[in-house]
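Chains as they are written, first to last, in the working numbering: chain A, 1 to 187; chain B, 1 to 837.
The set of hints was computed from the structure by calculation and includes no laboratory data. Take these hints with a grain of salt, some might be off.
Pairs of lysine-lysine residues, derived as BS3-like cross-links and limited to a Cα-Cα distance of at most 27 angstroms, are as follows [as the list claims (entries may be wrong)]:
hint, chain 1, residue 1, chain 2, residue 2
1, B, K126, A, K88
2, A, K169, B, K246
3, A, K88, B, K133
Sample of chain B residues with no beta-carbon within 12 angstroms of chain A, all distances over it, derived [said to hold, decoys possible]:
hint, residue
4, D179
5, D201
6, S239
7, E282
8, L567
9, R627
10, G634
11, S658
12, P752
13, H823
Where a beta carbon is used, it is the ideal one built from N, C-alpha and C, also for glycine.
For reference, the chains in residue letters:
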Amino acid sequence: MSEQTFYRQAGSYLDSVDVVEVQRGPEPGGVGGAYRAFGETLRGLKTTMSRLIEGPLTIEYPEEKTPVYPRFRGRHKLHRFEDTGLEKCVGCSLCAAACPADCIRVVAAENIPGERVSSGERYAAVYEINLSRCIFCGYCEIACPFDAITMGHDYEMADYDRTNLIFTKEMLLAEPIERTPLKSEDE
Amino acid sequence: MSEKREVTLTIDGREVTAVEGEMLHDAARKGDVEIPVFCYEPKLGAPVGACRMCLVEIEGIPKLQTSCSTPVRDGMVVHTRTDQVKKAQNAVVEFLLVNHPLDCPVCDKGGECPLQDITTGWGPGKSRVIDEKRHFEKPIELSPLVAIDRERCILCYRCVRFSQEVSEDAQLQLLERGDRTYVGTFDERPYVSPFHGNITDLCPVGALTNYTYRFRARPWDIEQAGSVCTLCPSQCNVSFTVRDEKVKRVIVRDNPGVDDGWICDRGRYGFEMFDAAERVTEPRLKGGSKTDYETAIARAAAGLGARDGKVAAIVGDASNEEGFLIQEIVRGALHSPHLDSRPAAGPRIDTILGLEQPEVQAKVTDIDEADVIFVLGTDPMQSSPILDLRIRKAIRRNGARLVVATERPTALDGGAEAIARYAPGQAAHFVGELTKAVGGTENVATPLAESLRDAGKIVVVWGERLGAAAAAKLLHFADALGTKSAGTDVDGPKTQDSLEISAHQHVGLLEVPDTANARGLREAGVLPDAGPGLAALAINGHGTEAIREALIDGSLDGLILVGVDPLRDFADTARWEEALNAASFVVAFSTFATATAGKADVLFPLETHAEKDGTVTHPDGRLQRVRPAAGRPGDIRPGWQTLANLSLALGHDTGVTSQPTAFKALTDAVPFYASITDAAIGGRGIRWQETESASSFPALAASAPSSAPDAGAASADTQRDSASGEAAPVAGALALGTYRDLWAGPITELNPPLKFLKPSQRLEVSPEDAARLDLDSGDTVRVTQGAKSLEATVAIRERVPAGVCFLAEGVAGANANGLLNGHQVSVQIEKLSEVPA
Numbered sequence: 001m002s003e004q005t006f007y008r009q010a011g012s013y014l015d016s017v018d019v020v021e022v023q024r025g026p027e028p029g030g031v032g033g034a035y036r037a038f039g040e041t042l043r044g045l046k047t048t049m050s051r052l053i054e055g056p057l058t059i060e061y062p063e064e065k066t067p068v069y070p071r072f073r074g075r076h077k078l079h080r081f082e083d084t085g086l087e088k089c090v091g092c093s094l095c096a097a098a099c100p101a102d103c104i105r106v107v108a109a110e111n112i113p114g115e116r117v118s119s120g121e122r123y124a125a126v127y128e129i130n131l132s133r134c135i136f137c138g139y140c141e142i143a144c145p146f147d148a149i150t151m152g153h154d155y156e157m158a159d160y161d162r163t164n165l166i167f168t169k170e171m172l173l174a175e176p177i178e179r180t181p182l183k184s185e186d187e
Numbered sequence: 001m002s003e004k005r006e007v008t009l010t011i012d013g014r015e016v017t018a019v020e021g022e023m024l025h026d027a028a029r030k031g032d033v034e035i036p037v038f039c040y041e042p043k044l045g046a047p048v049g050a051c052r053m054c055l056v057e058i059e060g061i062p063k064l065q066t067s068c069s070t071p072v073r074d075g076m077v078v079h080t081r082t083d084q085v086k087k088a089q090n091a092v093v094e095f096l097l098v099n100h101p102l103d104c105p106v107c108d109k110g111g112e113c114p115l116q117d118i119t120t121g122w123g124p125g126k127s128r129v130i131d132e133k134r135h136f137e138k139p140i141e142l143s144p145l146v147a148i149d150r151e152r153c154i155l156c157y158r159c160v161r162f163s164q165e166v167s168e169d170a171q172l173q174l175l176e177r178g179d180r181t182y183v184g185t186f187d188e189r190p191y192v193s194p195f196h197g198n199i200t201d202l203c204p205v206g207a208l209t210n211y212t213y214r215f216r217a218r219p220w221d222i223e224q225a226g227s228v229c230t231l232c233p234s235q236c237n238v239s240f241t242v243r244d245e246k247v248k249r250v251i252v253r254d255n256p257g258v259d260d261g262w263i264c265d266r267g268r269y270g271f272e273m274f275d276a277a278e279r280v281t282e283p284r285l286k287g288g289s290k291t292d293y294e295t296a297i298a299r300a301a302a303g304l305g306a307r308d309g310k311v312a313a314i315v316g317d318a319s320n321e322e323g324f325l326i327q328e329i330v331r332g333a334l335h336s337p338h339l340d341s342r343p344a345a346g347p348r349i350d351t352i353l354g355l356e357q358p359e360v361q362a363k364v365t366d367i368d369e370a371d372v373i374f375v376l377g378t379d380p381m382q383s384s385p386i387l388d389l390r391i392r393k394a395i396r397r398n399g400a401r402l403v404v405a406t407e408r409p410t411a412l413d414g415g416a417e418a419i420a421r422y423a424p425g426q427a428a429h430f431v432g433e434l435t436k437a438v439g440g441t442e443n444v445a446t447p448l449a450e451s452l453r454d455a456g457k458i459v460v461v462w463g464e465r466l467g468a469a470a471a472a473k474l475l476h477f478a479d480a481l482g483t484k485s486a487g488t489d490v491d492g493p494k495t496q497d498s499l500e501i502s503a504h505q506h507v508g509l510l511e512v513p514d515t516a517n518a519r520g521l522r523e524a525g526v527l528p529d530a531g532p533g534l535a536a537l538a539i540n541g542h543g544t545e546a547i548r549e550a551l552i553d554g555s556l557d558g559l560i561l562v563g564v565d566p567l568r569d570f571a572d573t574a575r576w577e578e579a580l581n582a583a584s585f586v587v588a589f590s591t592f593a594t595a596t597a598g599k600a601d602v603l604f605p606l607e608t609h610a611e612k613d614g615t616v617t618h619p620d621g622r623l624q625r626v627r628p629a630a631g632r633p634g635d636i637r638p639g640w641q642t643l644a645n646l647s648l649a650l651g652h653d654t655g656v657t658s659q660p661t662a663f664k665a666l667t668d669a670v671p672f673y674a675s676i677t678d679a680a681i682g683g684r685g686i687r688w689q690e691t692e693s694a695s696s697f698p699a700l701a702a703s704a705p706s707s708a709p710d711a712g713a714a715s716a717d718t719q720r721d722s723a724s725g726e727a728a729p730v731a732g733a734l735a736l737g738t739y740r741d742l743w744a745g746p747i748t749e750l751n752p753p754l755k756f757l758k759p760s761q762r763l764e765v766s767p768e769d770a771a772r773l774d775l776d777s778g779d780t781v782r783v784t785q786g787a788k789s790l791e792a793t794v795a796i797r798e799r800v801p802a803g804v805c806f807l808a809e810g811v812a813g814a815n816a817n818g819l820l821n822g823h824q825v826s827v828q829i830e831k832l833s834e835v836p837a
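If we strip away everything but chain B, and leave its shape as in the complex, we get:
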C-alpha cells in the first residue's frame, strides 16, 4: 500500500500536518483545536454531515463547510472561532434544543451527554423558543434491552448508520419527515441484533439508553475500570462501570487491533450473572456443604496426592497464569502427563506449531487489508461475533472478497462471492480437495479455488471446530495457496514444504477457537503433548477424550476441572456422566453451580472477568491483561492464589506468591513471552509476534507435518473428523451437524435481562428433506440417535444442504451434545405435533 502524502494546513493560526484525505475535523484534533460534532464518528465509516454542528470557515469558500466531511488540502486556512462560525454554532444548538425536552435530571445520559457539553460550550445559553415542543410516547422499548426516547433524539443518524452499515441488519430507519422524523423499525417490531447495544454508546443524547443501566447511577457515582471480556475468543476490550463494588454496565474501550470499538450484546449485557444466585461464592465439599479455603485445599491435596500419577486435568476458562499453574500441579506435583484445554481431540503439537508460526499468523487488522477473506469451518457470528463485524467492514469499505466454506449456513453468506458446503465430518476431506483444486485439479472445490487463486492478500479465518485432521491439512492448503498465487515473483526453487513462501504471498491464518483463552492455555502448556511454550515433552499424555475413556476404564482416577462444564459443552454427555461418576476424586473450579460442579468432591469458586487479575492471549497472539474491576462476592480468592496454595499443599513450590510472580513464572517458562512485561501489555495488549522474543518460537521439526500429510489425522477419532465413511443415510435419516449457539449457555439463563434470548432447540433442515419427511417450520419433532433423543422445533432453512440437519449445542433441556458419540452420527426424525395453524 502506498504511503499517503502529508499536507500542511492552518487551523486557527496553528500549523497542522495531516494525511491527505483525512477529514478536517480529525486534522483539527491533531492541532488541539476542538470542533464540536454530534453525527461524526469515524467508526461508522463515511461522514454524513447531518448535524451541522461542525461548521467552520475556510478561506476561499464563501459559505461555512462541515469539517467532518471536508477533506484536508495543502495550504488550507481554516477558522473555527470567527463570529460567522459562532453564529452558526449558536443557531445549530438553538435549533437542536427547539424540540429537545431538557429533562436532563431524569435522563440517564445526564452528566455524560455530548449535547449537554456542547450546549454549554458552544450554545447561545438562552432559548428564544416559546412554542410547544414535539411530543412522542416515551419511553418505548426499541428492544427488550434498549429504551428509545424519541423526544430527546436530535436525528444525528448514528444509530441508523450503525444498523445499516456496521451490523448490516438494516432494521433501524428514520421514519416520517421533517419535525415528525423519528428513529424506529418497520412496523414497530423490536430491534433484534446481537450487536444492537452499541447504539446506546453511539447516541450523543439520551434517546437510546440501556434498560440494564436505567437510572442505576450518575457519572459522578461511578468508576470506570478497563478490562478484557473473556466470554468468547474475540477478547474485546471493555470498560466496566462500577458502583458500590458492583458492575452496573459494560461499555466499549476502543482497541482497533482487537475489537474496532464495538462489543456484542453478550459481553455488554452479560454482567448480571456476576451476582447470580447460582454463583459459587465459597469453596464447597461434596453435597454442597460450604467450607473455608484451608479445609478445601487440604482435602483437595489429600485426595489428589493419594492418586499421584493417576490424575488428569481439563481446563477451559482460565487465564494464562492459571493455566500455567495447573500444568505445574499436574506435571510437577502429581507426576501425570494428562491434561488438555480443548473440548474435543485437537491437532497434534506439530500441527499447532505449524499453524502458529509467526510467519503465517494473521492478525485481526489484516482482515481490514485483505483482498480475500476465506472463512473456513466457523461462523464468526456464533463463535467470535466481533470478527463478523470486522469481515463485513472489510467487504463493505475496503472491497475485500469473501469466500465461505462451512457445514452450516453462516451469517456472512450474503456477502460471499463463493460458498461451499461440506457434509458434517467431512472437513478434512474438503480441505484436502480444496488444496488439490488450488493446485489445478478439477473437483468439487474448484469454484472456491478459482476465487482464492491469484488473489493477493488472503486471510483464512478458520475454526478450531474443523478438527484435528482438517487442521493438519490446512497447513498444506495455505502452502499450496501461497505457492499458487506466487506467480512469478518468487525467486529460487519453490518447495512445497516451505512456509516462508506462503508468508511471502500474504496468506495469513487466523483461528477462531472454541474457548475464550484457547491460545493462551495452549501456549502456557495445557496440552497433552506440549509443555509451556509449546515445548516437546518426553512423555505425551491423554487428550480430553482419552482422559474420559481412561477415567471410565479406571486407568485414571482423579480429575481436575477448571472452568469447564463437560456435561453441557462436550460431545457425548452420557459418556462424560459415566466418566465423572467413575472418577473417584474430582476437584472442580467453577464460577457457577453447574451439573458438573455438583459432581465435584471439592469445588473451588472461580472469578469472573470483572474480578480476575491475569493475562489472556488473543487468537492472533496478542497478550492482554484482565484487570480486577469489581469486588469478589462472598469468600472468593484469586485463582492463582488457590492454585499456588494447592500446589504447595501437594509439596510442589511454584514460587508464585502474587499475580506479578505468577506472570513472571509464565513469561520465564514460555520463551516467546520472555520480553513481555506488564508495562508492555499496557491497556492495548501486545502481540508476542511483534516482540523480540518471537524468534524463540519453536521451529518446525525436521519431520514437519508437510512430510506426513495425515499425521494429525492419526489420533483424530473425533466426530468431526471421522472419515470412517459413515454409510449413506438409511431411509429417513439425516446426517447431524452441530454448532455452538451464541446464546446457548449460562449467559441467557443467569442474566435476567437476557432471558428472552434463551434459545430453544431448533432442528434446521433443508426444504427437500422437509418435503420428504412432511415437516413444516414450527412442527415439534423427536430427533433420535441410537437410544438417545431430544425434542426440537423444525426450522426449514433454504441454505441447508439436503441430507443434513443441524442442532445447537449447549441448549438447556435439549442439548445436541447428548446425541453425539465421538463419531459422525445420523439421526432419525419423527414428527410429534404439527405447528398450530
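So here's chain A without its partners, still in its complex pose:
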C-alpha cells in the first residue's frame, strides 16, 4: 500500500489505489466444466497415490515421541552443585516475582551450620510450582541469579488429579525420568 493511502484525507479516494479489478473464473457447466471437475480431481489423486507408496508417516504417540529442540521449555528442574551436592537455590523468591502466572511459592529459611542445604545463608524450605497454572514461559529461569532452576524437556505431566500437579522441591530436585528424546544437533 502506498504511503499516499495512509496520509490521504478521510472521504477522498484515489482510483489507482482503491479500485480493484475482480478476476472471475469461467462460468460453470459445459464440457469445460466437466473436464475441470474430473481432471482436477485426478490431478489431486495423483499426489495422494504417489504418497501412498511412501508408507505412513504418523508418529505413534505415546509409543513413539517427537524429539524436542534443546531449548524446548518443559518441566522445571532444580539443580544441585555437582561437587558439594548443595542446592543451588537460595530461596530468594525472584522466580516467584518474575512468574506471570503466579504459580511459584517459596518460603525461605536460614541454613544451620552442619546441616547446610544451600551454599548461601538462606535456602528454600518450601519450593513449589503449581504446574497446572504454569504457562512455561521460562521467566523463572531467566530471573534466577544462581541458575538453580532451568526448564527441562519433559512435557508429559498430565495427571488425573490437580493436586498432583503441585510439584514440590523434592520432585523438582529429583532427576526427572527422561521420557522425551532430544533432537540431535543437525535435526
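Dock chain B against the given chain A, drawing on the hints supplied.
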C-alpha cells in the same frame, strides 16, 4: 512562635516555594524533583552529609553541594540532572558498590532496598572494580534481635545517629577508620536498648536485619496493613507485614502527632504471641473444655441473667466499642452500676472532668514546643516508651528544660534540670507541697517550683499511678502554676478556680495511663461514677477495689472480666484470688490462657490488635482506628459481635450488628465524639478536642474540685494515696514502692525472640540501706511483708533514696503485687545467699 518566611527557588527549571531554613532536598521533593539519598533522614535531626549521594549543582557555587545539608535561599537556581551531577552520582554509587557484596538474592532487604533502587536509578550500571571486596565475619548478632552484616554496610551513619541522638544510649559507634570502618558496640557487647529495632527500619541497605523476619518473606510475597499498636498507652502507629494471613513483621507507620516515626521493641517484636500455644482460640467452659459460641453465649447469659443486679465488670484491654458494649450489658441488661476500667481506685468523675478539659489538655506534639516538661509520677520509659524519645528530642533539639518528680529514679533523670523524689504513697502530699511552693511557700518542693515558675509553656506528663488524691490536687497545681507564671499578661481578676487562666498560661496536662486504652474506656462510660461521655449517673457503682471487696463479702455475685488479669496486674494478689473464688459466676474475655482466665466459668477469646477492628483513644484525645491485618486463629469472633450477642441473649438489644454500627452507637452516646466519622479518623486519627463536638465536653460542675480540695482523696484508699501516715519504718524495714516493668508480662513469656528479656525480680535499694543491711548487688534476698514474701536479687541504685526499696509488678514467680495490700507497705529484707565471688 513566629511564622517562618517563604522563599522561592528554581530546581530543574521548576519554581518551588519552600520555608526558610528548610533543606534543599525537602524543597526539591515539594517540586516533585527526586534527589537520591542514603544518610539523610529528618527524623534523626541535623543532617550529616555522609553519603554524598545527594550532590546537586547550585548556580553561583563552583563545586557540587549536598542537598540534604544545604538550606534553601531565595532565588537559588539548582540543577539535579546536569552532566556534572550525573558524573558525581555515578561515581558515588560505584564507590559504594566497591565493597558491597551484591548478595541481593540472599539479603533480606532485597526488593525493598534503597541501595538497589538508587543503583538502578542513578548508578552507572557497570562496575570497573576487579579487586577483592572487603570481608567481615557475617552475620553477627548485634543483639539477640538484630543481625549485622558489615560487608553490606555503606557507612551512612543512620544507626549510629539513632543510638547517639534519638535513643541516646550511645552504644553504637563507627569503629576503625577508612575501608576498615564498621558499625559496632564497645568490646562487641550486645546492643541493649528498648528502641533498637528502629535501626533495622533506618538501614538503607541490608546491613541491619531483624532475626524475627530473617528470610521470612519478600516484598512481593507480603501485604502491609496499617494499624495501631495497643500494647501500651503510646498507641504508636504501626504497619503489619502479613504473609499467608500471619503477621511476620511490625514496622513503623510515621505519625508525627503520635509516635514521631519510632516504635519500641515491645511493639516491634511482640507479634509472635499472636500464634502462641497459650492463645485462647475458641470459647471455653470451666475446666478448659472447648465449646462453640452459641453454647458459650447461652451459658454466660443464663449465669449472668440469674444474678441480675449483682454483677460487676472490670475492663482492661478493649476497644472503645467493646467498652461501650460492656457498659451497655452491665447497666442496660444486668441493671448493675458496678464497672471500672482502672487497675486501682482512680480519681472521681469531677477530677477526671477537670483534668480532661480540652483547655488544659496537652497533645503529644506540645512536648516538642514546650519550654519546660514536668514528668510527674511516671517513668515514660516503662509506661509509654515512645514518650521518652519525644521528651529526649525536646531537650536535645529544642532546648526544653526537664523537671522530674517521681518515687523511683527514671530513665530521664540524666537530662533533668531539677529532680525530686517523694516516698512511695506520698504523691498527693508532694503535689500539695509543690502547689504551695509554686505559690511562694518555702518547703521541700521549692527547688522544683523554682524551675517551674515563670517558665512559659509547660507540659506536665503525669502518671495515672499518682493515684486519686494526687490527681485531684494536680488540678490546683496546674492552676497555681498558670496563675503564677501569668505575670502581668492576664487582664482582669485572677481567680484561683479558673482553669482558663492556666490554659492561657500554656500549662498542658498529658496523662500516662496504666492501660493502653484507658482514656477511651473512660469516655465510653466504663467508670463506676460516669456513663458514656463522662455523663453523671443517678447511682454510682463500685470501683475496681470495691468490687473485689463486694465479691468477697457476697454482696456481688457475678463478674465479667475483659482483657484484665487481676491475679497478675492488680495489687494484692491474695485478696483477688479470694474474690475470684468467692464469685459464683465469672465470665472472662482473654487473649491468653492466664491464671485469671482459668477461674472463668465461661471464657471467650479476645482478638489481638492485629486482628481487631475498632477505635481506641490516645491519652491526648486522639481517636485512632485499629484495623484488622491478620487472620483470626481458630474460632475467634470479633469482640463487638460476642458482646452484642451476649447483650441480646440477656434481652437487651444494643442495635449493634457490625463494627460500623458499634462505632455509630459509641459516637451517638458520647457527645464529644459526635462529629467524628470513620473517614475523619482516617489513617492518622483525629483529636476530638479539635472537632466541632469538643464543645459538648461536660463542663465542670459548680462544685468544681477546686472548691473542695480533697474531694478526690475521700474515696482513695489505695496503697499509693494512703496518707494514713504509716509509722516510721521499724528497724530494718524499708518502704516498698512498686513499678510496672516494660518487659514484665506475657510479652516476654509468649514471644520466643523476647524471652531473653524476661525480667527477674530485682530489689532496688539505696547504697545507704545496702550498707546498713550488709547487701551487695547480686545477693539473693527474701522480701517479706506480713505473711507474704518473695525472693529477689539485690540491685544497689545510687539514685534510690534511703529508706525506700523498689520491686517490679507483674514479674512471673515473684510478683510485687503479691506483697501489696491496698495501703502503703514496708518490707523486711533477709539475706539468703551472697553473690558468688
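Going down the list of hints, with the structure as the test:
| no. | hint | result |
| --- | --- | --- |
| 1 | K126/B / K88/A | holds, 25 angstroms |
| 2 | K169/A / K246/B | holds, 23 angstroms |
| 3 | K88/A / K133/B | holds, 23 angstroms |
| 4 | D179 | holds, 23 angstroms |
| 5 | D201 | holds, 21 angstroms |
| 6 | S239 | holds, 20 angstroms |
| 7 | E282 | holds, 27 angstroms |
| 8 | L567 | holds, 39 angstroms |
| 9 | R627 | holds, 26 angstroms |
| 10 | G634 | holds, 22 angstroms |
| 11 | S658 | holds, 33 angstroms |
| 12 | P752 | holds, 15 angstroms |
| 13 | H823 | holds, 53 angstroms |
Of the numbered hints listed earlier, not one is contradicted by the structure.
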